[in-house]
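**Student:** Sequence:
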Amino acid sequence: MVRYALTGTPGTGKTTISNALNKKTLHLSELYSEASEEKTTSDEWLIDVEKLNRVFHKKKGDCFIVEGHLSHTLKDVEKVIVLRCDPNILESRMEKRNYSESKIRENLEAEAMGIIYSEAIEIFDRTKVAQLDTTNCTSEQAAEILEQFFEGKGGIL
1 MVRYALTGTP GTGKTTISNA LNKKTLHLSE LYSEASEEKT TSDEWLIDVE
51 KLNRVFHKKK GDCFIVEGHL SHTLKDVEKV IVLRCDPNIL ESRMEKRNYS
101 ESKIRENLEA EAMGIIYSEA IEIFDRTKVA QLDTTNCTSE QAAEILEQFF
151 EGKGGIL
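Under UniProt numbering, the letters of the sequence shown match residues 1 to 157, in that order.
The hints are simulated quantities; they were obtained by calculation from the structure and are not laboratory data.
Treat the hints loosely; a few may be bogus.
[What the hints assert, rightly or not] Quick list of in silico lysine to any residue cross-link-like pairs, SDA-like style, CA-CA up to 20 Å:
(1) Lys23 with Ile145
(2) Lys79 with Gly154
(3) Lys153 with Val2
(4) Lys103 with Ile115
(5) Lys79 with Arg54
(6) Lys79 with Ile156
(7) Lys153 with Ala143
(8) Lys23 with Gln141
(9) Lys59 with Thr25
(10) Lys60 with Glu91
(11) Lys59 with Lys79
(12) Lys23 with Met1
(13) Lys58 with Glu44
(14) Lys59 with Gln131
(15) Lys79 with Thr127
(16) Lys24 with Ile47
(17) Lys23 with Gln131
(18) Lys24 with Leu46
(19) Lys153 with Ile123
(20) Lys103 with Glu91
(21) Lys60 with Asp76
(22) Lys51 with Lys75
(23) Lys153 with Gln141
(24) Lys23 with Glu147
All figures in this text were calculated on a predicted structure; none of them were measured in a lab.
All chains should be modelled from the sequences, with the hints used to inform the complete structure.
**Tutor:** Structure (structure tokens):
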């Protein structure tokens, strides 16, 4: 069975789209407490990626999708889908989530520079990494595009 990582900067639609998919999904955030020793002063987990890989290896079960900001760092996935979004849209989404100004800037820079995609192709062969721009589609439309992609009926970037 092929296991897909669904990743992207915060606000690109990872959780919303994975919830719209008709696939067994593991939300990586459920493992963060086991893969971290502590939280930052802003209540964010400090994730040890190697520990996250070990925890995921034990807990992955038969999930088809692994959704989360760090899912592209997991060794037990075969393909990676990086969700992308126009930074102007991302900014408004992060503001609605009450992200700090510094966190918004950090994430907007990461999106504009394609950091998640760059990290993914450093870890995986470029042919195993796809991108989907979620700027102009609903979560249901994005889920349909991904369903077709999983079935080999459609391509994404």
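**Student:** Now tell me if each hint is right for this structure.
**Tutor:** So, going through the hints one by one against the coordinates:
1. Distance check on the hinted pair: Lys23 and Ile145 sit about 14 Å apart at the alpha-carbon level, within 20 Å; holds.
2. Between the alpha carbons of Lys79 and Gly154 the distance comes to roughly 15 Å, so the proposed pair stays at or under 20 Å and holds.
3. A hinted pair counts as satisfied when its Cα atoms are at most 20 Å apart, and Lys153 with Val2 qualifies at roughly 16 Å.
4. Only pairs whose Cα atoms come within 20 Å are accepted, and Lys103 paired with Ile115 is accepted, the gap being roughly 15 Å.
5. Taking the CA atoms of Lys79 and Arg54, the gap is near 18 Å; set against the 20 Å cutoff, the hint holds.
6. Between Lys79 and Ile156, the direct Cα distance comes to roughly 13 Å. Compliance with the 20 Å bound is thereby established for this hinted pair.
7. About 14 Å separates the Cα atoms of Lys153 and Ala143, which keeps this hinted pair within 20 Å; it holds.
8. A hinted pair counts as satisfied when its Cα atoms are at most 20 Å apart, and Lys23 with Gln141 qualifies at roughly 15 Å.
9. With a C-alpha separation of about 12 Å, the suggested pairing of Lys59 with Thr25 holds against the 20 Å cut-off.
10. A threshold of 20 Å between alpha carbons decides the hint, and for Lys60 with Glu91 the separation of about 32 Å lies outside it, so the pair is violated.
11. For the hint linking Lys59 to Lys79, the alpha-carbon distance of about 18 Å falls within 20 Å, and the restraint holds.
12. For the hint pairing Lys23 with Met1, the CA-to-CA distance comes to about 13 Å; that is within 20 Å, so the pair holds.
13. For the suggested pair Lys58 and Glu44, the alpha carbons sit about 23 Å apart, so the restraint of at most 20 Å is broken.
14. Only pairs whose Cα atoms come within 20 Å are accepted, and Lys59 paired with Gln131 is rejected, the gap being roughly 26 Å.
15. Using a Cα cut-off of 20 Å, the hinted pair Lys79 and Thr127 holds, with the two alpha carbons roughly 9 Å apart.
16. Straight-line distance between C-alpha atoms of Lys24 and Ile47 comes to about 24 Å, which puts the hinted pair past the 20 Å bound.
17. Under the criterion of a C-alpha separation no larger than 20 Å, the hint pairing Lys23 with Gln131 is consistent with the structure, at around 19 Å.
18. The suggested pairing of Lys24 with Leu46 is violated, with an alpha-carbon distance near 27 Å, which exceeds 20 Å.
19. Among the hinted pairs, Lys153 with Ile123 is inconsistent with the structure: their alpha-carbon atoms are about 26 Å apart, more than 20 Å.
20. Restraint check for Lys103 and Glu91: satisfied, since their Cα atoms lie roughly 10 Å apart, inside the 20 Å limit.
21. For the hint linking Lys60 to Asp76, the alpha-carbon distance of about 8 Å falls within 20 Å, and the restraint holds.
22. The hinted pair formed by Lys51 and Lys75 meets the criterion: a straight-line CA distance of about 12 Å does not exceed 20 Å.
23. Taken as a hint, the Lys153 and Gln141 pair is honoured in the structure, with Cα atoms around 15 Å apart against an allowance of 20 Å.
24. For a cut-off of 20 Å, the pair hint linking Lys23 to Glu147 stands: about 9 Å separates their Cα positions.
Consistency with the previously given hints fails for numbers 10, 13, 14, 16, 18, 19, ordered from lowest to highest.
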